[in-house]
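The working numbering puts the sequence shown at residues 11 to 166.
Quick caveat, the hints were computed from the structure, so don't treat them as lab data. A few of these clues could be false.
[Unchecked claim] Derived Cβ-Cβ restraints for the label pairs, each shown as a range:
hint: 1; residue 1: C136; residue 2: L43; range: 19 to 27 Å
hint: 2; residue 1: A61; residue 2: V144; range: 34 to 42 Å
hint: 3; residue 1: H72; residue 2: S150; range: 17 to 25 Å
hint: 4; residue 1: A98; residue 2: T126; range: 33 to 41 Å
hint: 5; residue 1: R33; residue 2: D95; range: 33 to 41 Å
hint: 6; residue 1: T126; residue 2: L55; range: 22 to 30 Å
hint: 7; residue 1: K26; residue 2: A153; range: 18 to 26 Å
hint: 8; residue 1: T75; residue 2: I48; range: 27 to 35 Å
hint: 9; residue 1: A98; residue 2: A35; range: 42 to 50 Å
hint: 10; residue 1: A125; residue 2: P36; range: 15 to 23 Å
hint: 11; residue 1: I157; residue 2: A125; range: 15 to 23 Å
hint: 12; residue 1: D95; residue 2: A125; range: 35 to 43 Å
[Said to hold, decoys possible] Capping the alpha-carbon separation at 20 Å, the derived lysine to any residue pairs in SDA-like fashion look like this:
hint: 13; residue 1: K26; residue 2: T142
hint: 14; residue 1: K101; residue 2: A153
hint: 15; residue 1: K101; residue 2: L161
hint: 16; residue 1: K101; residue 2: W156
hint: 17; residue 1: K26; residue 2: S147
hint: 18; residue 1: K101; residue 2: C69
hint: 19; residue 1: K101; residue 2: G76
hint: 20; residue 1: K26; residue 2: C134
hint: 21; residue 1: K26; residue 2: D165
hint: 22; residue 1: K101; residue 2: T85
hint: 23; residue 1: K26; residue 2: Q138
hint: 24; residue 1: K101; residue 2: D165
hint: 25; residue 1: K26; residue 2: C136
hint: 26; residue 1: K26; residue 2: V144
hint: 27; residue 1: K101; residue 2: L77
hint: 28; residue 1: K101; residue 2: F152
Yeah, the Cβ is synthetic: ideal placement off N, Cα and C, and Gly gets one too.
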Amino acid sequence: MHWALGAQHSIDCPGKMRFRVRRLAPGEIDHELIWLSISLVSLTLAAAWLAIGLPWPRCMFHEITGLPCVTCGMTRCTIQFFHGDFVAALKWNPLVFTALCGVMAFDLYAFATLATRAPRLRICFCTQRVRTFVRFSVISAFALNWIYLLLHWRDF
11 MHWALGAQHS IDCPGKMRFR VRRLAPGEID HELIWLSISL VSLTLAAAWL
61 AIGLPWPRCM FHEITGLPCV TCGMTRCTIQ FFHGDFVAAL KWNPLVFTAL
111 CGVMAFDLYA FATLATRAPR LRICFCTQRV RTFVRFSVIS AFALNWIYLL
161 LHWRDF
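Start from the sequences, fold in the hints, and give me the full structure.
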């Protein structure tokens, strides 16, 4: 499929979201390059940190209360995820597991897009109602994840 520079194709979901597929405009921020780079640098630094035996991050909330915080189990979840033990990763922290799956999917998309110079996918939340729904969904995901962690506090 041939895409002219600046050509734009969109799929409209009335009252909801708009998906656009278009070429990167001159001077536009290249989100795919930026976020892929940040993701890969972060992974490299975290792997190096653990490989040379530096101490694991400590959670002050957990030390003070004895209960897990919203992100407790994140390091263990990530280690299990990258070792391919997805069930164990999911058990350590479902929200972090979901985020890691999303980051991996985005990284694959970003790499393929950059390597082939393909058009970019952009998602637009067009109405205030949709933006509010997305915010509520994110806050709910954090709350539900914390409830899960609190129910499994003995694992921490």
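Checked hints:
no., hint, verdict
1, C136 / L43: 19 to 27 Å, "26 Å, holds"
2, A61 / V144: 34 to 42 Å, "37 Å, holds"
3, H72 / S150: 17 to 25 Å, "23 Å, holds"
4, A98 / T126: 33 to 41 Å, "35 Å, holds"
5, R33 / D95: 33 to 41 Å, "40 Å, holds"
6, T126 / L55: 22 to 30 Å, "28 Å, holds"
7, K26 / A153: 18 to 26 Å, "24 Å, holds"
8, T75 / I48: 27 to 35 Å, "32 Å, holds"
9, A98 / A35: 42 to 50 Å, "43 Å, holds"
10, A125 / P36: 15 to 23 Å, "20 Å, holds"
11, I157 / A125: 15 to 23 Å, "41 Å, violated"
12, D95 / A125: 35 to 43 Å, "29 Å, violated"
13, K26 / T142, "11 Å, holds"
14, K101 / A153, "16 Å, holds"
15, K101 / L161, "12 Å, holds"
16, K101 / W156, "13 Å, holds"
17, K26 / S147, "14 Å, holds"
18, K101 / C69, "19 Å, holds"
19, K101 / G76, "19 Å, holds"
20, K26 / C134, "9 Å, holds"
21, K26 / D165, "40 Å, violated"
22, K101 / T85, "12 Å, holds"
23, K26 / Q138, "10 Å, holds"
24, K101 / D165, "10 Å, holds"
25, K26 / C136, "6 Å, holds"
26, K26 / V144, "11 Å, holds"
27, K101 / L77, "16 Å, holds"
28, K101 / F152, "15 Å, holds"
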